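Chains as they are written, first to last, in our numbering: chain U, 1 to 355; chain H, 1001 to 1355; chain G, 2001 to 2355; chain B, 3001 to 3355.
Don't read these hints as lab results, they were simulated from the structure. Please read all numbers here as calculations on a predicted model, not as lab measurements. Hints may be right or wrong, so weigh each one.
[Stated by the list, open to error] Derived lysine to any residue pairs resembling SDA-like cross-links, with alpha carbons at most 25 Å apart:
id: 1; chain 1: B; residue 1: Lys3041; chain 2: H; residue 2: Leu1184
id: 2; chain 1: U; residue 1: Lys159; chain 2: U; residue 2: Ala183
id: 3; chain 1: H; residue 1: Lys1227; chain 2: U; residue 2: Val252
id: 4; chain 1: H; residue 1: Lys1041; chain 2: G; residue 2: Glu2288
id: 5; chain 1: G; residue 1: Lys2103; chain 2: B; residue 2: Val3260
id: 6; chain 1: G; residue 1: Lys2103; chain 2: B; residue 2: Arg3311
id: 7; chain 1: H; residue 1: Lys1103; chain 2: H; residue 2: Ala1075
id: 8; chain 1: U; residue 1: Lys41; chain 2: B; residue 2: Glu3277
id: 9; chain 1: H; residue 1: Lys1263; chain 2: G; residue 2: Ala2043
id: 10; chain 1: G; residue 1: Lys2227; chain 2: G; residue 2: Leu2119
id: 11; chain 1: H; residue 1: Lys1103; chain 2: U; residue 2: Val310
id: 12; chain 1: H; residue 1: Lys1138; chain 2: H; residue 2: Lys1263
id: 13; chain 1: B; residue 1: Lys3040; chain 2: U; residue 2: Asp349
id: 14; chain 1: G; residue 1: Lys2227; chain 2: B; residue 2: Val3252
id: 15; chain 1: B; residue 1: Lys3263; chain 2: U; residue 2: Ser262
id: 16; chain 1: H; residue 1: Lys1215; chain 2: U; residue 2: Val310
id: 17; chain 1: G; residue 1: Lys2227; chain 2: G; residue 2: Asn2100
id: 18; chain 1: B; residue 1: Lys3103; chain 2: G; residue 2: Glu2313
id: 19; chain 1: G; residue 1: Lys2215; chain 2: G; residue 2: Ala2183
id: 20; chain 1: B; residue 1: Lys3040; chain 2: H; residue 2: Ala1199
id: 21; chain 1: G; residue 1: Lys2159; chain 2: G; residue 2: Ala2265
id: 22; chain 1: U; residue 1: Lys138; chain 2: U; residue 2: Gln121
id: 23; chain 1: B; residue 1: Lys3103; chain 2: G; residue 2: Arg2311
id: 24; chain 1: H; residue 1: Lys1227; chain 2: U; residue 2: Pro250
id: 25; chain 1: G; residue 1: Lys2263; chain 2: B; residue 2: Gly3276
id: 26; chain 1: U; residue 1: Lys263; chain 2: H; residue 2: Arg1135
id: 27; chain 1: U; residue 1: Lys41; chain 2: B; residue 2: Gly3276
id: 28; chain 1: H; residue 1: Lys1041; chain 2: H; residue 2: Gly1011
id: 29; chain 1: B; residue 1: Lys3041; chain 2: U; residue 2: Asp349
id: 30; chain 1: H; residue 1: Lys1041; chain 2: G; residue 2: Ser2278
id: 31; chain 1: H; residue 1: Lys1003; chain 2: G; residue 2: Pro2025
id: 32; chain 1: H; residue 1: Lys1040; chain 2: G; residue 2: Glu2288
id: 33; chain 1: U; residue 1: Lys40; chain 2: G; residue 2: Lys2215
id: 34; chain 1: G; residue 1: Lys2041; chain 2: U; residue 2: Asn185
id: 35; chain 1: H; residue 1: Lys1227; chain 2: U; residue 2: Ser262
id: 36; chain 1: B; residue 1: Lys3215; chain 2: B; residue 2: Arg3311
id: 37; chain 1: U; residue 1: Lys227; chain 2: H; residue 2: Pro1165
id: 38; chain 1: G; residue 1: Lys2003; chain 2: H; residue 2: Thr1023
id: 39; chain 1: G; residue 1: Lys2227; chain 2: B; residue 2: Gly3254
id: 40; chain 1: H; residue 1: Lys1215; chain 2: H; residue 2: Ala1160
There are 4 protein chains.
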Amino acid sequence: MIKVGVINVTGYAGAELARLLHTHPEAEMVSVTGRSEAGKKLAAVFPHLASYDLTIEPELGGGVDFVFSALPHAASAEACAPLVRAGIPVVDISADFRLNDAKVYAEWYGGEHPAPDLLSQAAYGLTELNREAVRGGKLIANPGCFPESALLGLAPAIKAGIIGPDIIVDSKSGVSGAGRGLALNLHFSEAAESVSAYALNGHRHLPEMVQEIAKMWPQAEAPDDVKPRVTFTPHLIPMTRGILSTCYAPIVPGQLPSGVASKQAVHDLYAEAYSGESFVRVVDPSVEGPPSTKQTRGNNMCLVYPAVDVRAERLVVVSVLDNLVKGAAGQAIQNMNVMLGLPETMGLDAPAVYP
Amino acid sequence: MIKVGVINVTGYAGAELARLLHTHPEAEMVSVTGRSEAGKKLAAVFPHLASYDLTIEPELGGGVDFVFSALPHAASAEACAPLVRAGIPVVDISADFRLNDAKVYAEWYGGEHPAPDLLSQAAYGLTELNREAVRGGKLIANPGCFPESALLGLAPAIKAGIIGPDIIVDSKSGVSGAGRGLALNLHFSEAAESVSAYALNGHRHLPEMVQEIAKMWPQAEAPDDVKPRVTFTPHLIPMTRGILSTCYAPIVPGQLPSGVASKQAVHDLYAEAYSGESFVRVVDPSVEGPPSTKQTRGNNMCLVYPAVDVRAERLVVVSVLDNLVKGAAGQAIQNMNVMLGLPETMGLDAPAVYP
Amino acid sequence: MIKVGVINVTGYAGAELARLLHTHPEAEMVSVTGRSEAGKKLAAVFPHLASYDLTIEPELGGGVDFVFSALPHAASAEACAPLVRAGIPVVDISADFRLNDAKVYAEWYGGEHPAPDLLSQAAYGLTELNREAVRGGKLIANPGCFPESALLGLAPAIKAGIIGPDIIVDSKSGVSGAGRGLALNLHFSEAAESVSAYALNGHRHLPEMVQEIAKMWPQAEAPDDVKPRVTFTPHLIPMTRGILSTCYAPIVPGQLPSGVASKQAVHDLYAEAYSGESFVRVVDPSVEGPPSTKQTRGNNMCLVYPAVDVRAERLVVVSVLDNLVKGAAGQAIQNMNVMLGLPETMGLDAPAVYP
Amino acid sequence: MIKVGVINVTGYAGAELARLLHTHPEAEMVSVTGRSEAGKKLAAVFPHLASYDLTIEPELGGGVDFVFSALPHAASAEACAPLVRAGIPVVDISADFRLNDAKVYAEWYGGEHPAPDLLSQAAYGLTELNREAVRGGKLIANPGCFPESALLGLAPAIKAGIIGPDIIVDSKSGVSGAGRGLALNLHFSEAAESVSAYALNGHRHLPEMVQEIAKMWPQAEAPDDVKPRVTFTPHLIPMTRGILSTCYAPIVPGQLPSGVASKQAVHDLYAEAYSGESFVRVVDPSVEGPPSTKQTRGNNMCLVYPAVDVRAERLVVVSVLDNLVKGAAGQAIQNMNVMLGLPETMGLDAPAVYP
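Kindly generate the complete structure, drawing on both the sequences and the hints.
What follows is the structure in structure tokens.
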């Protein structure tokens, strides 16, 4: 059994790690930390985790083989750095090791990076798109929930060179994505029966999306001086879990059959791209309608539905996932499985909790 | 008192007309029709309308001065045509008189138009953008709820020539927009705690948007052979009422100050465009954040929040409204007020029911 | 026009007063106070009240004819006392003047009553049950939302002597009843898709219920030494507005026809008791099913549905209302209307916002 | 591996069986039936079950070792009877074998029982209260979701003789309890943001509660001619999953320490009664507040919170569970485990999906 530690178990991502690890056959959560709740039993803070007999400690206990950090950014890098340097494999759920450039980090996260020397060692943990780096990695930057949904939605089209760089990602997120900390816009009476956009001046997940999209961009189409022009708008939806991202990009003329035939071609391209994946399913429009977030509630799937607006010659891709699972804790465990050579789906094969 | 008839009061738009007319000081709902519910008391079908003492009839009674039709398309044109020909002013909430071209209607609504000769008499009832035509009109085509939100969000930018024709409208709608008819995707257990996209092959509100955007388009920018390329994606949100549309378009180079200054310029442009309007409020980002649909719940306001993505040089406009009020029944009464020379806000001045 | 002041407009009850007063034809809200938000425009705090041009002040301005206090308990009595002593009519929405006995107040509200000398002047403002006292009153204690629903549900049965004193009130409340202050159990992700009971050791609305039930109790049945034994359990429901109370009491043998006939007898008793009331409607089971809170959303109605469990010989009464309207602000305005000799329904006749 | 068949997989209980069986280590779902959906792939009807490669058949295939029936009542008994007679162990999730008396069945379910001869062979499958009968059983009547929550909440008090027979069960249910069939009151726009009571003339789960309560009743307290007087009121709550039942009963004088001490005594009684149980947890009020349904979402736990109203000398017990898991499919699998001699928690140990 792998002895797992979770730093900052007291947020939603931390609690979700605990939930999922509970049924993992090869990993056991043996040490958990929290800040304000240190000293309490885990079960007292989270009654749904009553089957754990663990106390929340201020610091991780010794003897852990593997660590997940669910701390906020900056604090997370500070906590992870000594572990990484001590050779303990770490998946960091915070944003600290996602951006390759410490200057970009400083610009978006408002402070110097706490461990810039580790940036080059970190692998971006969107397993499906970066599996080899994850396999060899010791420090994995777990992706942001919004980039996760957008990148899985866009990757096949970008790599195939069928879309131009004018990309719009319009995301709809459940409220748990904003965390467990109290705020007026997350107060039930304010958030229920309402939808709103936020971060219209730029969300921190934008540079992460741009960085990863640029890496995938075919060089013929995007020479070094051409940057994808990505607009990303997140919206708060009156539901607890789930992200649906609707991604738009112009189709490059001549790259697809014209008219309705382009729809089948795009579907085939996506089906092929994800043909071996366990956690990405390309929805077949001849069998099902567009996916709903409920179809992924509580599990590690991402459903991708590519469509073509033949009138406007635009690709429209809808992707859905559970922000706390595939968008956070489930993705992190998937990364752990790959890092440790376990079957990638281990502990992650439960169907979604529908309805 | 104006004696008002409502055709098909038994859907949500019809019931909302009854609700709003109840407190209108110059109009009295005196006759209502329904199909399956004919013969019942209105209060038996809608307990919240218990203060009305009306029976649902198969046909409108005589003696009405003004008629709203809340029938589905096709049936609505058939019911409205004889009234219009008899000189009774009508606001049709269905789609039947929105499209100017009967061929486009046939293509999208799947049947010949029941009264194509009346199309040229119909005025598009988005009052703020077409007030003079409404004032002189006898047959008003009440806008679709999605076009209403998109057009109010985009009109100032289009008319000022600051955006190019690559327009994306990503709309989030409460479930009541899909009506009172039962369907599995509207079943509570399916729709709650979930979000999904729909109509990815083209929603019927698309040609309406394209038609009205094209009319507003400055001729220098859009000669007759240049059509706006509009992609429209509606999404079903787990809330009863409300639409939020997020509209995206590229900013035409040179039309705005560069960088951050463009934000103020766009705000000023919008504030000026809607300066005299009672039912459109341009949100000032120095005072408030982006609007939420809850701020318009139950009333006739549309809140518009224009923003600029300065990195991608793109206009992003968020607009919110209540799909049953400004998106249907309230807009219809606003049109009635204008048609009859009443104050435009009469009966429509209640604040939103927040929280 | 009556010049109205609202103390502590910044909570949900205060905002609801502002919403409802906006369309009151004889009252104008001219002065509003707040604590943390003093100095801001009302519209900046509540965008749905943008049509008001008022600044939130630390203290009420002079020249108000009538005051509503929406402060929390204790603070409210302190603010109301000088106004009452100065002869300004006041409706206090807090609990401060509801309990007749300062000792009971101290026991339940954890502190000495700030103005015990005024208790004898205060009238309990459940208009339908205490109209004459309200009419002559200068200081009205607006009822708690839970007692309002329970008392309207039970009063006819109690007064008619058909039930015994073993009363259970099981109430289901929307989250707005807990106010605008942040708390973990009111955080959207915690409250959504969940229901829980609270205050199982005794809710502050219990002594208010007991006091008013005891006053109504027929003396033959309840001599001074017989106190109603009331158990009251509130539950938090994942909805913003609305209270449904299910009230249970044993039927006194011999007071009603036996078997199914008792149902009609109870309905007739209730219909008669509320026959002249504008804001209480006894639902007729031959026409409608049991009421839902949605049927009262945003308006001042209380719907009452008396039923009989003939097997267990028990009365079961369901009552529904909007906790912010009939349970707070609407009831307060109803009281103002009665105090000032205005028509009782003035400004309160809008139908519910359904769906 | 046990080869499992599920009759009528296409409702919510059936789909939940499929979800839970997917991760059961010793059972494999090999055959599923449906009525309207026969011929379709299971994954086409339920995208969240895409990992199954099964076709919905009109009839069960041969070779199944164990059968769950999720048919509606009457149809279920007809389908189960030949299986039982052929010696195949069956858990029937319908109501058909819950009532011991075919006459009571006919009275409440409106028709002759299809297999009255099997009633005496059926064991009531509330495992915690009837484990030995389940262990030896071949035909298990899975309990109704409401009785399950009420009986687990009341059993320790009844058996200990501390309460009298005037029992009230006030239940709050998520909408999925009403099934997947369409109905206006289950339409999202009607059910969202609303609560209502239903079945005030008597719900079909009432005779089941009464029967099982009577069986548990201590004979000294309840001689044959004394029947518990149970009033049961279910309420529809705007959430998908979950039941919370609040149960009320008078405390028998002299059976408990008086005053506050009674609370600890009741807690101890309950903790003792359920001390060996894996799926019932008595919440300790010194550590946690009253439970919320969210704490059991998606898993097989029932949380029980006994309280005492010392003023009214009444026991108040709150119990929560997921109506589709402990209230249906999870309970059914728990029964299968016991019937087949497997560890009782096998396949059912996942924590709840919170938040």
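Checklist entry - Which numbered hints does this structure break? => result When the structure is compared with the hints, numbers 2, 12, 15, 19, 25, 26, 33 and 36 turn out to be violated.
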